[in-house]
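The residues making up each chain are set out below.
Number of protein chains: 2
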Amino acid sequence: MAIRVGIIGYGNLAKGVESELRKNPDMELKGIFTRRDPSSVTTKTEGVPVYSSDDIPGMKDDFDVMIICGGSATDLPKQTKEYAKYFNVIDSFDTHAKIPEHFAAVDESAKGAGKIAIISVGWDPGMFSLTRLYSNAILPDGNDYTFWGKGVSQGHSDAIRRVPGVKNGKQYTIPVDAALEAVRSGSNPELTTRQKHTRECFVVAEEGADKALIEKTIKEMPNYFADYDTTVHFISEEEFARDHSRINHGGFVFRSGKTGFDNENKHVIEYSLKLDSNPEFTASVLIAYARAAYRLNKDGQSGCKTVFDIAPALLSPLSGEEIRAHLL
Amino acid sequence: MAIRVGIIGYGNLAKGVESELRKNPDMELKGIFTRRDPSSVTTKTEGVPVYSSDDIPGMKDDFDVMIICGGSATDLPKQTKEYAKYFNVIDSFDTHAKIPEHFAAVDESAKGAGKIAIISVGWDPGMFSLTRLYSNAILPDGNDYTFWGKGVSQGHSDAIRRVPGVKNGKQYTIPVDAALEAVRSGSNPELTTRQKHTRECFVVAEEGADKALIEKTIKEMPNYFADYDTTVHFISEEEFARDHSRINHGGFVFRSGKTGFDNENKHVIEYSLKLDSNPEFTASVLIAYARAAYRLNKDGQSGCKTVFDIAPALLSPLSGEEIRAHLL
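Keeping their order, the protein sequence lines are chains A and B.
The first sequence begins at 1 in our numbering and counts up one residue at a time.
The second sequence begins at 1001 in our numbering and counts up one residue at a time.
Bear in mind the hints are in silico, worked out from the structure with no lab data behind them.
The structure presented is a predicted model; accordingly, all values stated were derived computationally and were not measured.
Treat the hints with care, since some could be wrong.
Cross-link-like lysine-lysine pairs, in silico, DSSO-like; alpha carbons within 30 Å at most [stated by the list, open to error]:
#1 B:1150 / A:196
#2 B:1298 / A:111
#3 B:1167 / B:1150
#4 B:1111 / A:298
#5 A:150 / B:1196
#6 B:1150 / A:150
#7 B:1111 / B:1098
Okay, chain A solo, but in the shape it has when bound (with noise of 0.2 Å):
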């Protein structure tokens, strides 16, 4: 029997879940649960009913896992140690600070339900940090590094749209070829936040609006843009609308380290991704995740969980004998 899944919320990275899922044939979507009026929300996919969320509680035996699609600034902190309560769950909590606070709220409440929650899934935090957990592990004499790009930051397109005279606005994250070149060489270079990223920002101004002013606004722009070389670009709706509609977005994640008697040996890892889409990306990273969370809970545990806790194969349709002979 498949795997009953359940989807909570219904925005981009909901919408990933949906289209994803399909590429999972353990897996099965029963449900989506929105906190809009239900008869308001058209799903992608035909026949998949769609439920208020105050309808969770009295559902809990209807579902073997729940992904919970909220946004980690307010959503996440209260859905997910609420809705551990009545199912196996999963999150991609992204505030790093608050993990900790994050991880032992939903702890307490999956434990006494006997549940498993994972959180803080999908590719950073998550596949970026498994990459820096197992490259710490293996070269324990050695530096970190993280790039993020090219691709869209929602936090600085959305301060760019609260510059008066902005109409839209979208900001791409780039990192800079010249030291990912010096990581990649192994000489452990120490950079600047200025040398690491630049940003590219493409505006739709209001009309009439003073484009100077605009510029240097969104340059000066403490913490988001004062740092940073950033490049803006006035552009008209229409290319906006052409050219900045995806949600791409990608990184690097690099661990340059030493060994031998007399440290004579350098070594790079490097972990990279290019996403076309962010949102559909970080779905198929739950999607694996609420496999596992299914599994391990099947087993007899509960508590919560982060990508660092969960063996690689538990990620797998495919059993311990086939991943052993087609990928070790």
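Model the placement of chain B on the given structure of chain A, informed by the hints.
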């Protein structure tokens, strides 16, 4: 108390374990076992006892984990299952086709003794296998690509040295840049053996040997060279010693897949290694998994495992709180 580690064998890999254990303060090298006369072996580390392999069974309470550094062809198929009767063990068995058989034999032995054995640890099999497993679980609709090099192939170097008239030889496997770029673009190319790698040979010929014949013999050698574009350079013994004494290696693992309701989004996952010392890097991986073996066994588990079965957190000397705070 530090984890008490023993090394079985004293070749390049074992010396790598010896040097890299010093970077792991939670572990202690308690002894090296050799089939030679122990008094003939001088270790690089002062004060480490050298024992005869014959003493292994009698020392079962003196070591928490043994890192077995024998060869895959004849040593490991015997050693790992034998020593798993006395200790938690790690090996780097890399004969892909024989992994299921090796796994079964070691599993029986380790289960009988209540010990943990982790086999096929290193980078391929090992870190490359993990990348394949994670990436396949995340992107079920996609293609895998593995490239090796630039690096020294021991098997191909041996093959060169067996050619009449060859005094010394070394072979480098080199991935073809155009193939790497095609895979990186997400175009999912079909690549022949010849399109993926080239082979570069450095040969010291014996005095008066027929170099044209040596070159022809190498280039036409079935399995090893005939399917590749191979270059042969004749060099002096001095050049060979000066430029070709390192045992560097590396490679690339890619997963290129699609997501979206209409499969409209491409994603490329890339993992790569650039290693100055193949044996020291492999040793570093073995050490991290030795830590995991010790912990799993302390937790009451037994039997044969692979990298697929080991939760990443078990590899790190840091606590769960620390890795969540610093690496997630």
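Evaluated hints:
Between residue 1150 of chain B and residue 196 of chain A the alpha-carbon distance is near 27 Å, which keeps this suggested pair within the 30 Å criterion. For the proposed pair residue 1298 of chain B and residue 111 of chain A, the alpha carbon gap of about 23 Å is at most 30 Å, so the pair holds. Our distance criterion of 30 Å between C-alpha atoms is met by residue 1167 of chain B and residue 1150 of chain B, whose separation comes to about 23 Å. For the proposed pair residue 1111 of chain B and residue 298 of chain A, the alpha carbon gap of about 23 Å is at most 30 Å, so the pair holds.
For a cut-off of 30 Å, the pair hint linking residue 150 of chain A to residue 1196 of chain B stands: about 27 Å separates their Cα positions. In summary, the hint linking residue 1150 of chain B to residue 150 of chain A is supported, as the alpha carbons are separated by about 27 Å, within the 30 Å threshold. The suggested pairing of residue 1111 of chain B with residue 1098 of chain B holds, with an alpha-carbon distance near 20 Å, which does not exceed 30 Å.
In summary, this structure violates none of the numbered hints.
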